[in-house]
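Participant: Chain by chain, the residues:
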Amino acid sequence: KQEVTQIPAALSVPEGENLVLNCSFTDSAIYNLQWFRQDPGKGLTSLLLIQSSQREQTSGRLNASLDKSSGRSTLYIAASQPGDSATYLCAVREAAGNKLTFGGGTRVLVKP
Amino acid sequence: ETGVTQSPTHLIKTRGQQVTLRCSSQSGHNTVSWYQQALGQGPQFIFQYYREEENGRGNFPPRFSGLQFPNYSSELNVNALELDDSALYLCASSPHGAEPREAKNIQYFGAGTRLSVL
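Here the protein sequences come in this chain order: A and B.
All you need for my numbering is the position in the first sequence, starting with 1, plus 925.
All you need for my numbering is the position in the second sequence, starting with 1, plus 91.
For the record, the hints were derived by calculation from the structure and aren't laboratory data.
It is possible that some hints are incorrect.
Unchecked claim - Heads up, simulated SDA-like pairs for lysine to any residue below, C-alpha to C-alpha not over 25 Å straight-line:
1) A:Lys967 with B:Lys104
2) A:Lys1036 with A:Asp1009
3) A:Lys967 with A:Asn947
4) A:Lys1036 with A:Pro933
5) A:Lys967 with B:Thr111
6) B:Lys104 with A:Lys1036
7) A:Lys993 with A:Asn947
8) A:Lys967 with B:Leu102
9) A:Lys967 with B:Ser115
10) A:Lys967 with B:Leu172
11) A:Lys967 with B:Glu173
12) A:Lys967 with A:Lys993
13) A:Lys926 with B:Arg148
14) B:Lys104 with B:Ser156
15) B:Lys104 with B:Asn168
Stated by the list, open to error - Partial list, derived from the structure: chain B residues whose beta carbon lies under 8 Å from chain A:
16) Gln139
17) Gly147
18) Gly149
19) Gly201
Every residue gets a Cβ at the ideal spot worked out from N, C-alpha and C, and that includes glycine.
Please put together the full structure from these sequences, using the hints given.
Facilitator: Encoded structure:
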């Protein structure tokens, strides 16, 4: 059974600092891994999707890496801003099905 | 905006009642997935519908059921509500749910329905 873990559960940084969010998964047989952002009480916004054959994806200040063999992904957010404050969730799509398995999320607070 | 709309946005029910949540998928998407997100946790997969048939189910009891209509919109029904059913219910649509080899198949999420069971 696939299990996804995100550490830390919460993170507080001053504005301008780089953010590093970690995601680990137990079964390396995945099709892709996706990072989402969730604002309080809202739905999910997709940030980046990494195919299983890729090592990283970049979009603006966001960069996500994937090491499938070790079951790890890292989301980097450069030069954080107060508007980056949200919960960040990673999810894996397994090879054997169509569902997403999510981690518990990392709650980020960027202080002005 | 993902083009996925859910209704209602908020709902309050009492224990033992039944509830129906609705989802309109993005245009052209034939697959709908439902997730339950308890407070402070990540979403948990409930089930998925592809072309009006259930196409995978998570670890949820039979009192959680669903429908998908010819226009690909969907309903989630929960019978005999329990206090632990209080959560944010998320719907996600995607274009080719029955093709797992399509690695670019991204699920687009709606804003969710917040259900409170008292």
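Participant: Quick one, are Lys1036 (chain A) and Asp1009 (chain A) close enough, alpha carbons at most 25 Å?
Facilitator: With a Cα-Cα distance of about 10 Å, the restraint between Lys1036 (chain A) and Asp1009 (chain A) holds, given a limit of 25 Å.
Participant: Tell me if Gln139 (chain B) is really an interface residue toward chain A, meaning its C-beta lies closer than 8 Å to one of theirs.
Facilitator: holds, 6 Å
Participant: With chain A as the partner, please determine if Gly147 (chain B) meets the hint condition of a C-beta pair closer than 8 Å.
Facilitator: For Gly147 (chain B), the interface hint holds, since the closest Cβ of chain A sits about 5 Å away, which is under 8 Å.
Participant: Taking 25 Å as the top limit, are the C-alpha atoms of Lys967 (chain A) and Asn947 (chain A) close enough?
Facilitator: Given pair Lys967 (chain A), Asn947 (chain A) holds - Cα atoms ~22 Å apart, limit 25 Å.
Participant: Would the stated hint for Gly201 (chain B) survive a check requiring a Cβ distance to chain A of less than 8 Å?
Facilitator: The hint holds - Gly201 (chain B) has a Cβ within 8 Å of chain A, the shortest such distance being about 6 Å.
Participant: Straight-line Cα separation of Lys967 (chain A) and Glu173 (chain B) no greater than 25 Å?
Facilitator: Holds: Lys967 (chain A) and Glu173 (chain B) sit about 23 Å apart, inside 25 Å.
Participant: Are the Cα atoms of Lys967 (chain A) and Ser115 (chain B) separated by 25 Å or less?
Facilitator: holds, 17 Å
Participant: What's the verdict on Lys926 (chain A) and Arg148 (chain B), does the C-alpha distance respect the 25 Å limit or exceed it?
Facilitator: holds, 14 Å
Participant: Keeping to a limit of 25 Å between CA atoms, is the pair of Lys993 (chain A) and Asn947 (chain A) held or broken?
Facilitator: holds, 13 Å
Participant: Take the C-alpha atoms of Lys967 (chain A) and Lys993 (chain A), compute the straight-line distance between them, and say whether it is at most 25 Å.
Facilitator: Not satisfied, since the Cα-Cα distance of roughly 30 Å exceeds 25 Å.
Participant: Measure nothing beyond the straight line between the CA atoms of Lys104 (chain B) and Ser156 (chain B); if it is 25 Å or shorter, mark the hint as holding.
Facilitator: Given that 25 Å is the threshold and the Cα spacing comes to 17 Å, the pair holds.
Participant: Holds or violated: Lys104 (chain B) and Lys1036 (chain A), Cα atoms, limit 25 Å.
Facilitator: Since the Cα atoms of Lys104 (chain B) and Lys1036 (chain A) sit roughly 38 Å apart, the hinted pair is violated (cutoff 25 Å).
Checked against the numbered hints above, the structure violates hints 6, 12; every other hint is satisfied.
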